[in-house]
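**Q** The lines below spell out each chain.
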Amino acid sequence: GAVVSQHPSWVICKSGTSVKIECRSLDFQATTMFWYRQFPKQSLMLMATSNEGSKATYEQGVEKDKFLINHASLTLSTLTVTSAHPEDSSFYICSARDRAGTNEKLFFGSGTQLSVL
Amino acid sequence: SQQGEEDPQALSIQEGENATMNCSYKTSINNLQWYRQNSGRGLVHLILIRSNEREKHSGRLRVTLDTSKKSSSLLITASRAADTASYFCATAGTSGSRLTFGEGTQLTVNP
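Protein sequence lines correspond, in order, to chains W and Y. Okay, so the first sequence: first residue is 1 according to the working numbering, each after it adds one. Okay, so the second sequence: first residue is 1001 according to the working numbering, each after it adds one.
Just so you know, the hints here were simulated from the structure itself, not pulled from any lab data. Where a beta carbon is used, it is the ideal one built from N, C-alpha and C, also for glycine. One or more hints might be untrue.
[As the list claims (entries may be wrong)] In silico EDC-like links for lysine to aspartate or glutamate, alpha-carbon gap of 16 angstroms or less: (1) K41/W to E1015/Y; (2) K1069/Y to E1055/Y; (3) K41/W to E1103/Y; (4) K41/W to D1007/Y; (5) K66/W to E52/W; (6) K1069/Y to E1053/Y; (7) K64/W to D88/W; (8) K1070/Y to D1007/Y; (9) K1069/Y to D1007/Y.
[As the list claims (entries may be wrong)] Listed below are several chain W residues computed to face chain Y (Cβ distance under 8 angstroms; list not exhaustive): (10) R24; (11) D27; (12) L44; (13) L106; (14) F108; (15) G109; (16) G111; (17) V116.
[Claimed, not checked] With beta-carbon atoms standing in for the labels, derived distance ranges: (18) G61/W to P1008/Y: 24 to 30 angstroms; (19) A1010/Y to I12/W: 28 to 34 angstroms; (20) E59/W to D1066/Y: 45 to 51 angstroms; (21) L1075/Y to S83/W: 43 to 49 angstroms; (22) V1044/Y to G61/W: 41 to 47 angstroms; (23) N1022/Y to S83/W: 40 to 46 angstroms; (24) L1061/Y to S110/W: 21 to 27 angstroms; (25) S110/W to R1054/Y: 31 to 37 angstroms; (26) S110/W to S1058/Y: 20 to 26 angstroms; (27) E1053/Y to K64/W: 34 to 40 angstroms; (28) D27/W to R1060/Y: 46 to 52 angstroms; (29) C13/W to N1018/Y: 43 to 49 angstroms; (30) E1055/Y to I12/W: 42 to 48 angstroms.
Looking at chain W on its own, in the form it has when it is part of the complex:
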């Protein structure tokens, strides 16, 4: 089955630093990847849609300068949380669509728990 690898699994950083999270599709090409944020015991909140070779589409209320998304290849998208603050602490998850598949279901990474001190 399709595998999406997300790294790191968890990261602790100081306030004001930037953190990069990688999302890779290991055995398929993903023209579209999605980034979500999830608070404890809550649903996934879509942050942005990342398309290979073009600018990401951000959801309303998500600061594009704060959450930088780069989708430079068909297998890699990155989310950089710039100048992180404690309120950015959350669980971040990526997902991808298989370019060659039916394009309906999503394959998810295992998530990144970000803690900003």
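Using the hints provided, position chain Y relative to the given structure of chain W.
**A** Same frame as chain W, but now just chain Y:
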């Protein structure tokens, strides 16, 4: 308005019992999907049902879809402790490619 509202929010049952979770949505859909999330992990796709389908089975899973009521249910039969997880429904609209996730049901299966 919230697309994909689920109930119950939490469900606790004994091993061997059946678990039923419901999902309601507000707009027209192309398909509805169910995902499972173990604590602190990503989501895993379980099953997809299209708008022109009424029922679908996969192993111990049974999904129904009632487009007139804009609702779906997920039934897990003969539950096991390993089924303990959060279950989310997600709807794919007719015009876009994005999925909208419900609030989820936290299922606990006690051994």
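**Q** If a hint holds in the structure, say so; if it does not, say that too.
**A** Here's how the hints hold up against the structure:
Pair hint K41/W plus E1015/Y does not hold up; C-alpha atoms about 23 angstroms apart against a cutoff of 16 angstroms. Only pairs whose Cα atoms come within 16 angstroms are accepted, and K1069/Y paired with E1055/Y is accepted, the gap being roughly 14 angstroms. With a CA separation close to 9 angstroms, the supplied pair K41/W and E1103/Y stays within the 16 angstroms bound. Only pairs whose Cα atoms come within 16 angstroms are accepted, and K41/W paired with D1007/Y is accepted, the gap being roughly 14 angstroms.
Under the criterion of a C-alpha separation no larger than 16 angstroms, the hint pairing K66/W with E52/W is inconsistent with the structure, at around 20 angstroms. Note on K1069/Y and E1053/Y: the hinted pairing holds, with a Cα-Cα distance of about 14 angstroms set against a maximum of 16 angstroms. About 14 angstroms separates the Cα atoms of K64/W and D88/W, which keeps this hinted pair within 16 angstroms; it holds. Distance restraint check for K1070/Y and D1007/Y: the Cα-Cα separation of roughly 14 angstroms lies within the 16 angstroms cut-off, and the hinted pair is therefore satisfied.
At most 16 angstroms may separate the alpha-carbon atoms for a hinted pair to count; K1069/Y and D1007/Y meet this at roughly 15 angstroms. The interface hint given for R24/W is broken, as the beta carbon of that residue sits about 13 angstroms from the closest beta carbon of chain Y, more than 8 angstroms. A cut of 8 angstroms between beta carbons decides the hint on D27/W: the least distance to chain Y is about 15 angstroms, and the hint is violated. Here the hint on L44/W is kept, as its CB sits about 5 angstroms from the closest CB of chain Y, short of 8 angstroms.
At about 6 angstroms, the closest approach between the beta carbon of L106/W and any beta carbon in chain Y falls short of 8 angstroms, and the interface hint on this residue holds. At about 4 angstroms, the closest approach between the beta carbon of F108/W and any beta carbon in chain Y falls short of 8 angstroms, and the interface hint on this residue holds. For the restraint placing G109/W at the interface with chain Y, the shortest Cβ-Cβ distance is roughly 5 angstroms, inside the 8 angstroms limit, so the hint holds. About 5 angstroms separates the beta-carbon of G111/W from the nearest beta-carbon of chain Y, less than 8 angstroms, and the hint is met.
Hint on V116/W is violated. Least Cβ distance to chain Y is approximately 18 angstroms, over the 8 angstroms limit. Checked against the given bound of 24 to 30 angstroms, the beta carbons of G61/W and P1008/Y, roughly 29 angstroms apart, stay inside it. Checked against the given bound of 28 to 34 angstroms, the beta carbons of A1010/Y and I12/W, roughly 30 angstroms apart, stay inside it. Here the CB-CB span from E59/W to D1066/Y is close to 29 angstroms, at odds with the stated 45 to 51 angstroms.
Under the hint 43 to 49 angstroms, the C-beta atoms of L1075/Y and S83/W, about 47 angstroms apart, fit the expected range. In this structure, V1044/Y and G61/W break the distance hint of 41 to 47 angstroms, their C-beta atoms being roughly 28 angstroms apart. The hinted window of 40 to 46 angstroms between N1022/Y and S83/W holds, with their beta carbons roughly 42 angstroms apart. Checked against the given bound of 21 to 27 angstroms, the beta carbons of L1061/Y and S110/W, roughly 22 angstroms apart, stay inside it.
Against the hinted window of 31 to 37 angstroms, the Cβ-Cβ separation of S110/W and R1054/Y comes to about 34 angstroms, which satisfies the hint. Distance hint check for S110/W and S1058/Y: the Cβ-Cβ separation is about 23 angstroms, which falls inside the suggested range of 20 to 26 angstroms. Our hint of 34 to 40 angstroms for E1053/Y and K64/W holds, since their Cβ atoms are close to 38 angstroms apart. As the Cβ distance of D27/W to R1060/Y is approximately 27 angstroms, the hint placing it in 46 to 52 angstroms is violated.
A beta carbon spacing of about 44 angstroms between C13/W and N1018/Y agrees with the range 43 to 49 angstroms that was offered as a hint. Judged by the Cβ atoms, the range 42 to 48 angstroms given for E1055/Y and I12/W holds: they are separated by roughly 46 angstroms.
Comparing the model with each earlier hint shows violations of hints 1, 5, 10, 11, 17, 20, 22, 28; every other hint is respected.
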